[in-house]
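A.B. asks: Sequence:
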Amino acid sequence: MIEKFLTYIEYERHLSELTVITYRNDLRLFQQFIESRTDGKFEPQLVQADDIRAWILHLMQNKYGARNIARKISALRSFWRYALKMKLLTNNPTAKIITPKFKAKLPSTFRQQEVDDAIKFNDDTNDFEQVSNALIIDILYQTGMRQAELLNLTMARITLKQHGGEIKALGKRNKERIIPFGEELAERIRQYIIMREQICPSGEQTFLLQENGKPITKYYIYRAVHDNMALTSTQHKLSPHVLRHTFATTMLNNGADINAVKTLLGHANLNATQVYTHVTFEEKLKAYRKAHPRAGSNE
Numbered sequence: 123m124i125e126k127f128l129t130y131i132e133y134e135r136h137l138s139e140l141t142v143i144t145y146r147n148d149l150r151l152f153q154q155f156i157e158s159r160t161d162g163k164f165e166p167q168l169v170q171a172d173d174i175r176a177w178i179l180h181l182m183q184n185k186y187g188a189r190n191i192a193r194k195i196s197a198l199r200s201f202w203r204y205a206l207k208m209k210l211l212t213n214n215p216t217a218k219i220i221t222p223k224f225k226a227k228l229p230s231t232f233r234q235q236e237v238d239d240a241i242k243f244n245d246d247t248n249d250f251e252q253v254s255n256a257l258i259i260d261i262l263y264q265t266g267m268r269q270a271e272l273l274n275l276t277m278a279r280i281t282l283k284q285h286g287g288e289i290k291a292l293g294k295r296n297k298e299r300i301i302p303f304g305e306e307l308a309e310r311i312r313q314y315i316i317m318r319e320q321i322c323p324s325g326e327q328t329f330l331l332q333e334n335g336k337p338i339t340k341y342y343i344y345r346a347v348h349d350n351m352a353l354t355s356t357q358h359k360l361s362p363h364v365l366r367h368t369f370a371t372t373m374l375n376n377g378a379d380i381n382a383v384k385t386l387l388g389h390a391n392l393n394a395t396q397v398y399t400h401v402t403f404e405e406k407l408k409a410y411r412k413a414h415p416r417a418g419s420n421e
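Quick note: the sequence shown uses my numbering, first residue 123, plus one each step.
Hints are supplied without guarantee of correctness; some may be wrong.
[To be verified] No farther apart than 27 Å at their CA atoms in a straight line, the calculated lysine-lysine pairs in the BS3-like style are these:
(1) K242 to K294
(2) K408 to K359
(3) K384 to K340
(4) K294 to K412
(5) K359 to K223
(6) K218 to K126
(7) K209 to K126
(8) K185 to K223
(9) K359 to K242
Since the hints were derived computationally from the structure, they do not count as laboratory data.
If you're wondering where the values come from, they're calculated on a predicted model, not measured in any experiment.
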């Protein structure tokens with residue numbers, strides 16, 4: 123039944139490969155726990171709420187964090203919702219389970235000057251790799267695209283206009299959204315395309331290429347961001363996703379409507395976007411404490 127569920131979320135709901143792997147691991151872990159209590163038999167129709175509570179206690183005793191446990195409970199809830207929907211089961215033991223609360227961790231971000239400096243380090247217009255690295259950092263910072271979206275971006279999905287342009291990003295579950303960008307990024311794209319045509323005249327549609335003319339890889343994008351941001355930032359995390367966080371936070375800090383940011387990021391609901399409002403508040407609080415004479419160190 124677990125395998126049927128995993129097939130369903132992958133091919134019917136079109137959840138990401140990482141989500142499917144995570145759900146598989148969580149459900150298998152629960153299955154192993156139940157089998158250890160029932161002489162090797164896992165029968166979902168016999169699972170009770172007390173079995174799940176016992177598993178949660180087991181996880182806590184083995185030092186699993188609240189966030190990790192909450193995710194595993196979410197996997198169980200999804201599995202039983204599927205089983206009920208398909209009429210494979212008639213009871214839902216997860217209905218009585220309370221998810222442990224955890225403090226949401228604020229996303230890491232770069233400072234604008236750190237991003238600007240990393241791009242400047244790659245302003246040698248005669249070096250294809252440097253031009254490509256600068257473009258990767260800039261396009262992630264100015265559009266908030268996911269790494270996977272940038273990896274799969276094609277020439278046909280980019281439109282250059284007189285003052286700026288737009289990208290048709292293909293997000294999760296193949297949902298398309300249009301992301302506008304300004305003249306500065308448009309000019310960087312034009313410069314890259316000129317150099318791109320010199321190494322790839324054959325009509326390859328993948329937008330970002332390596333110097334050998336082959337499409338870039340996930341590791342290539344990660345390395346471009348990590349290695350260059352390491353030169354300018356003291357941030358511990360140096361991944362492409364931090365640039366996505368930085369885009370969202372920058373937009374909100376400069377007065378953008380949260381619903382507009384939600385649309386640009388391709389979030390399915392507003393809850394995913396609201397975490398960035400906490401980041402902007404933290405930044406304003408730091409500025410207040412640093413600059414206001416009556417703030418006080420403990421206020």
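A.B. asks: Run through the hints listed earlier and report the numbers of any the structure violates, in increasing order.
C.D. replies: 1, 4
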